[in-house]
Amino acid sequence: MLYRDAINLALDHAMQVDPRVIILGEDVGFYGGNYKVTDGLFAKYGEKRVIDTPIAENSIVGTAIGMAMMGLRPVAEIMTANFSMLAMDQIVNNMAKLRYMSGGKIALPMVVRMPQGVGRQLAAQHSQSLEHMFASIPGLYVFCSSDATGAYHTTLYAIRLDDPVILLEHVLLYPMDFEFYKVENFDPFKARILREGKDITVVSYLKMVHDVLRACENLEKDGISCEVIELISLRPIDFETIYSSVKKTKRLVVVYEAPKSFGLGAEISARVCEEMFYFLDAPPLRIAGEEVPIPYNRKLELSAIPTQESIYRQMLSWGKGHGL
Amino acid sequence: MSQSLAEKFYFYMKLGRELEIRAKEEYTKGNIGGFLHLDIGQEAVSVGAVFGFGKGDLFCPYREHVLALARGMDPKLIMAELFGKITGVSKGKGGSMHLYEPKLDFYGGNAIVGAHLPHAVGAAYARKYMGEKAGVLAIFGDGATNGGSFFESINLAVVWEVPVLFLCENNFYAIGTRIDRVSAFRDIYLKAKDYMPALQVDGMDVFAVYEAVVNAKKYLEDYGKPYFIEAITYRYEGHSMADKGDYRSPREIETFRKKDPIENLKNKAMQMGWLTPEQIRMMDEKIAQIIEEAVEFALNSPEPDLEELYKDIYCGVCADVIP
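So the protein lines, in turn, are chains A and R.
The opening residue of the first sequence carries number 10 in the working numbering; numbering runs sequentially from there.
The opening residue of the second sequence carries number 253 in the working numbering; numbering runs sequentially from there.
Hint data in this document are derived by calculation from the structure and do not stem from the laboratory.
Since this is a predicted model, take the numbers as computed values, not measurements.
There may be inaccurate statements among the hints.
As the list claims (entries may be wrong) - Pair by pair, the computed Cβ-Cβ distance ranges are:
1) E284/A / G383/R: 44 to 54 angstroms
2) L551/R / M94/A: 39 to 49 angstroms
3) Y287/A / L551/R: 48 to 58 angstroms
As the list claims (entries may be wrong) - Residues of chain A clear of chain R, computed beta-carbon distances all greater than 12 angstroms:
4) N67
5) R108
6) H135
7) P184
8) E226
9) L325
For every residue, glycine included, the Cβ atom is placed at its ideal position computed from N, Cα and C.
Construct all of the structure, not just a fragment, from the sequences and the given hints.
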């Protein structure tokens with residue numbers, strides 16, 4: 010099943026069983042969604058439940074907050090994470106804080122979905138990974154997943170939660186085809202171990218997971234065995250799963266698409282150093298994006314982010330330098 | 253009718269003013285911290301609007317003590333919140349700018365200028381979606397009407413046909429900047445009049461505010477569409493306790509003090525025979541007692557336990573709504 014179809018299935022299911030679930034965003038209705046995630050829902054549920062909004066991101070999230078306060082369960086779509094900057098006041102100052110500021114009196118059962126990341130030659134204003142911004146805000150949950158099964162369950166779980174959730178997707182994941190199956194008792198707060206290994210713990214999320222998995226297959230041929238952990242929740246992070254893996258492998262690599270500085274890699278490797286320093290056989294490695302806006306030119310674009318090849322090369326040389 | 257209204261208006265306007273005068277005093281003693289935005293001078297808008305609107309959801313800015321009182325919030329819970337005590341309406345986590353009580357349909361106390369306007373539109377959408385008619389009252393200052401949230405919200409309210417009464421308290425100053433220096437329109441209702449019915453009202457006259465809001469409410473309920481009122485008013489104090497307000501001339505302040513909404517109401521009510529001096533004296537005494545009890549309650553209430561730091565961030569449980 011396509012990644013986008015899995016999210017569509019989750020939205021459809023949620024809307025079918027609960028009339029309080031509504032969708033709003035730019036082009037989500039009549040047009041079917043710019044990435045076709047909401048395709049067909051307008052025809053099925055009508056314009057009162059699948060609401061086309063003006064290009065006004067601040068109000069997409071702001072009105073969703075008002076709807077959630079009154080007991081609806083809105084799922085707001087921001088066309089791309091780049092545009093979520095216009096909604097940051099609502100996301101950071103309101104959505105994340107209303108519960109706390111009201112002493113627990115206001116619940117916001119709402120979801121804000123958005124794709125992010127580097128696509129194909131979309132240039133700087135349409136090619137950002139901004140997960141660290143959302144993940145740094147207490148009061149939000151931040152979820153993401155790398156395949157159709159994960160996307161389906163994460164979306165449903167986020168809608169079911171009484172708390173506000175940021176759901177990050179990746180533009181290049183939407184058309185990817187995956188084997189799809191339903192999971193009993195899906196728990197987004199638990200990281201997934203996608204591959205077991207004994208030499209290096211590799212932590213990643215979203216689209217990079219696939220590049221990591223392929224790089225690790227190649228590393229296997231070089232005699233390096235990697236344990237690959239996929240984070241579904243970026244706030245909170247399942248550090249327990251990371252710690253127990255690092256205890257076994259003694260080495261940590263974090264791979265992500267955003268620029269290296271101030272990213273999830275900084276957070277994860279710092280925590281592992283704080284808690285696991287004496288278990289480590291090597292300083293943690295971050296494989297991440299360059300400190301540049303993403304350029305349009307395809308060759309430059311690919312040089313700005315980790316790829317299967319660059320992940321493989323960096324891990325191989327780092328591994329060799331640290332006793333593997 | 254006017255008699256019982258006069259009594260109600262006087263009681264809540266005076267209660268609001270006295271509570272804030274006392275809050276000011278407690279602030280200088282150090283019992284209240286942070287920002288404290290006083291409504292003194294603007295009580296006719298707050299009280300007239302809340303009573304005129306009646307049932308429905310209220311979304312308010314950070315200058316909301318009197319609005320909360322008029323909606324029925326216990327003065328003890330307000331004072332305790334200002335003192336940062338666990339007994340406060342928001343458990344001492346919100347403070348002056350964040351009074352919330354969903355049981356009273358009271359949604360803030362919002363401290364980002366204009367940010368609560370889309371909340372009001374969303375709330376009105378939700379209520380209408382669920383088949384309710386009462387509508388939403390969104391109150392904001394003149395300063396909010398130059399921001400994007402304002403224009404986005406009036407646009408959406410019209411497009412979605414939701415019953416929101418946008419009530420602008422125009423006190424001429426966006427913090428310390430006189431509004432006509434930064435706003436293309438001196439008459440703020442003009443910004444909305446191409447979108448929806450919009451009018452201006454004397455915000456120093458509680459009856460005028462009340463009547464305008466009653467009419468607006470009827471429109472909201474009959475047509476399910478938005479409406480706009482600009483109330484001309486004035487705050488005697490600075491923007492907050494951190495602001496002396498000395499960007500305004502003493503003469504300007506004096507001009508508005510002469511139109512004091514409480515004195516005006518009192519004189520009118522006595523002239524018309526709606527209230528006797530004795531009734532007013534008895535209300536004043538009762539108000540003094542309520543304030544005293546509120547301060548005592550706040551003073552004697554405990555601080556939040558340290559574990560409160562980590563509570564109320566997440567609900568933490570999955571609402572079992574979707575199988």
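Hint-by-hint comparison with the structure:
Checked against the hint of 44 to 54 angstroms, the C-beta distance between E284/A and G383/R comes to roughly 53 angstroms, which is consistent with it. At about 45 angstroms, the beta-carbon gap between L551/R and M94/A stays in the expected band of 39 to 49 angstroms. In this structure the hint that Y287/A and L551/R lie 48 to 58 angstroms apart at CB holds, the actual value being about 51 angstroms. Residue-level check failed: N67/A sits 6 angstroms from the nearest beta carbon of chain R, not beyond 12 angstroms.
Once the 12 angstroms rule is applied to beta carbons, R108/A is inconsistent with being away from chain R; the minimum gap is 6 angstroms. The claim that H135/A is not at the interface with chain R holds, since no C-beta of that chain comes within 12 angstroms of its own (minimum 21 angstroms). With a minimum CB-CB distance of about 27 angstroms to chain R, P184/A clears the 12 angstroms threshold, and the non-interface call stands. Against chain R, the non-interface label of E226/A holds: every CB pair exceeds 12 angstroms, the least being about 36 angstroms.
Separation of L325/A from chain R is adequate, the least Cβ-Cβ distance of about 41 angstroms exceeding the 12 angstroms criterion.
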